[in-house]
Structure formats: structure tokens, C-alpha cells
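K.L.:
Residues per chain, in single letters:
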Amino acid sequence: MQVADEPARASATGDLDEDARLMQAVRGGDDHAFAELHRRHAARLLRHLEHMVRDLAVAEELLQDAFLRVHRARDRWTPQARVTTWLYTIATNLALNELRRPRRRRPHQSSDAADDFGPPIALDSRAPRVDDVTHARRVGRWLQDALSTLPERQRDALLLAAVDGLSYTEVAARLGTTEKSVKALVHRARVALMERMPAPEATEEGSER
Amino acid sequence: MSDTTQICVEWDEDLSALLDGELAPPRADDVRAHVETCERCARRLEALAHVTGFVVAERASAQPSSRLPTSREPAPLRLPGTAPGAVAAPRREVTSMRVPSRARSVPRRRVRAMALALAAAAALVLVLRLRPRTPLDAAPSAPAQSVALPALERPPSTDPTGPAPDAPVANAAPKPTPVDAVPAASRDAALEATSPLDSASDDELVIVETLDTIEDLELIENLELIEQLAARERS
Chain A
0 MQVADEPARA
10 SATGDLDEDA
20 RLMQAVRGGD
30 DHAFAELHRR
40 HAARLLRHLE
50 HMVRDLAVAE
60 ELLQDAFLRV
70 HRARDRWTPQ
80 ARVTTWLYTI
90 ATNLALNELR
100 RPRRRRPHQS
110 SDAADDFGPP
120 IALDSRAPRV
130 DDVTHARRVG
140 RWLQDALSTL
150 PERQRDALLL
160 AAVDGLSYTE
170 VAARLGTTEK
180 SVKALVHRAR
190 VALMERMPAP
200 EATEEGSER
Chain B
0 MSDTTQICVE
10 WDEDLSALLD
20 GELAPPRADD
30 VRAHVETCER
40 CARRLEALAH
50 VTGFVVAERA
60 SAQPSSRLPT
70 SREPAPLRLP
80 GTAPGAVAAP
90 RREVTSMRVP
100 SRARSVPRRR
110 VRAMALALAA
120 AAALVLVLRL
130 RPRTPLDAAP
140 SAPAQSVALP
150 ALERPPSTDP
160 TGPAPDAPVA
170 NAAPKPTPVD
180 AVPAASRDAA
190 LEATSPLDSA
200 SDDELVIVET
210 LDTIEDLELI
220 ENLELIEQLA
230 ARERS
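First to last, the sequence lines map onto chains A and B. Going by numbering that gives the first Met the number 0, the first sequence opens with residue 0, and the numbers climb by one from there. Going by numbering that gives the first Met the number 0, the second sequence opens with residue 0, and the numbers climb by one from there.
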């Protein structure tokens, strides 16, 4: 499937342009632009990671690792791909690795200890690769619409739990329901979005593989 | 993206809960162990995680972290091949922070200073009761036998037979009034009337200067407590 090239997204907010501008600068070797990118997104991404792995120290390591991987793959980034989607894809893969790691294994070791970042994480052939900029580009187009089609309570539950980091207990209090209902609502929201999400394609022209 | 026709029903909802950290350890371990052995659930977990990441990323694009109240700051970024700190640490923009309770407590040195101040205040009060008054030229004369400290506000009395808030009580400590309710000029004048500053010692001047909080003023009336504090400080 071919995806026609298009100019960088005309953004509804200036922040999308800012991320793209910074990433362009990073591609040009501007480390201060990368530090600014880090400043803009690190806190929220850290919260997202900690929400998944439930360990602040590990989340911080994953955060650093994610940004370092983005930096390593900076030459593969294209203006059509949303930086945050790409960043979060990388971070989520790292967190999934950690989440599935049995307790008896060694804890996560960040990649900044050596120049060798190791092979990109490929948890599944159908999951987006760590540096799959193409997938990030595709995802950015459908997500806004997909979220708006969710039933209101599902959307609210998912945003409160996943984005705002509230516990199910807190979400239940907010929505005036039970924890069991929140668990179901959040899961249904994820499944609904997942079913609408475009699959990463390895055969696209110009795809980063 | 995923094959939704074939799922492990008994585990499916728990996959989301695992991502949200909402599973108790025994169940979380069970789910984790199942994912290790079930490729279908492994793919499902990954897809659920990624779709969540995209949702958060969407919000991140609209509202970068710098605009959010954060309770913790990520560690500065260190790029390989650069000296630590070579890349300027992200500018810390704190919009709001939860202040640890210990940061709100009165520092120990301030408590010590207050104790000393209170002890000296006790001495001041005793001294003022004994020395002849020397009113300032512009200050109204005050009764020689009483210490006209700024009025302090006493908490409302629960005794229905107790005195009215404004009624003078003989031989009683001055009634407290909020410091804020007393105009600064009047407060200062009252302090000066009771303490002839021209002849006051440095310690006394210090005491006067520290009598500027409602806590300080309220404690003044309990001289016995002050003396106890002073004795404790000396020991």
C-alpha cells in the first residue's frame, strides 16, 4: 500500500509544528533542540511509563532509553510523522518488555551505559517496530477521529485512567460507578480503538524498515 | 490489527488492568505468566499497550509536559558521547508541586528562635511590670501598673457565663485580637508605649520585633508556659 507523501501536518495547535521544528533541528545535529524536546514531553511520558511499570526508577530508565533511541534514529524521522506518536511507540515497546519481564530476571538497564543500543525491540511481527516512523505517521491520522467515535463513558474512563493516571477507584468516583465497571469501560475503549487502528505495513513504499 | 475473534476471554480484561497497574500481585503474576505462554494474549497486550500510548501521545502533542502540573521532574537528559551535563538540563518549569509536609513544618531553628524569644519576652514582661514608665512625648500615657500589650484575641469562650469578648477582666492576661485586625500603626504605637524603645536593651528590642505573629502574641499571655520553655531551652 502506498501512502502519498504530503507536507507536514497543518496543525490545529502550534505545538505540533514546534515538535516537528525541533525534530528537524535534531536531525541537523542540534542537541539543544533535543533537550527542548525532552523538556516538553518527558514529564508526561514518565507518568505514562510509571503507570505501566509501576516503578518510578524503572520508568525513569525507560524514559531515558526511549529518548536515546529517538535520538539514535533521528535520521529516519520524516516531517510527516508525529514526533509524539513515534516517541510513545518506542516507549511503550520498552515498557512492554519490562512488564513482561519475570521478576527473577535482571532489571532493565538503560542504553546510555554504552554506545551500542542493541537491536531494536521487535516484540511481535505485527507490532510497530521501535523506530517505525511510518507507523507513527499513519496512526496520527486516525486517532482523533477514532477517539471521537468512542462512547462517552468509555472515552472518559480511558482518558482518566491512561492519560490522567487515575486509579480505577478514582475513576469510579469521578464517573459515579464501580471499579469493576471502570475496568470494563477502559478495556472496551482500548479494544474499540485497537480494532480501528491501522496495522503497521512493511510493504509501504518508503517505509522505514 | 488484532484478531478479535479469538481471544482468551478469562484473561482479556485483565490485560488492560495489567497495563494500568490495577492487578494485585498474585493475579498480575498469573496474567504475566499466561502472556508468556500465549501468543494470542501477548499480541493482544502489545496492541492494547500501543493504542494507549497513542492516546497519551495525542494528548502530549496538544499539551506538552511543560504546561502540566507535575509532581516530579524527570532526570536531565544525557546523550551518549557527551560529557554529563553537556546538553543543557531541561529548564525546570514548575507550575505546581506537592510540597512535602516536612517542608511546611516550622524549621527547627525557627522553633528554637521562637522559644528564646518567648523566654526573653517573659523576662521583658516581668521587667516592664517593675520599672517606672517613661511615656514617649507623642505617646499616650499608660497605666503604670499594667502592661498594655496589643490586645490579643481569645478564642470564643464556651462558657455562657464567661465575660463578653470586649469586657475588661481584672488581673487577667490581655485579650487577644488578631494581629491583622490591629492597624500596624496602632500596633506599633502600643508596643512602643509599653516598651520605651530609647532605653530598651537589644534583647528587648529584638523581642518587640518578634511580636508580630498571632502565635507569638497568643503565647505571651501564658507566662508559665513561657517560663517552662525558657527552662527547657536553658537545659
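Because the hints were derived from the structure by calculation, they are not lab data. Virtual Cβ for every residue (Gly too), placed ideally from N, Cα, C. Careful: at least some of the hints might be erroneous.
Listed next, the stretches of chain A that the computed footprint assigns to chain B, with coverage defined by at least 3 CB atoms under 8 Å from CB atoms of chain B [claimed, not checked]: (1) 30 to 40; (2) 57 to 69; (3) 73 to 81; (4) 141 to 154; (5) 161 to 170.
K.L.:
So which hints don't hold here, by number, going up?
P.N.:
3
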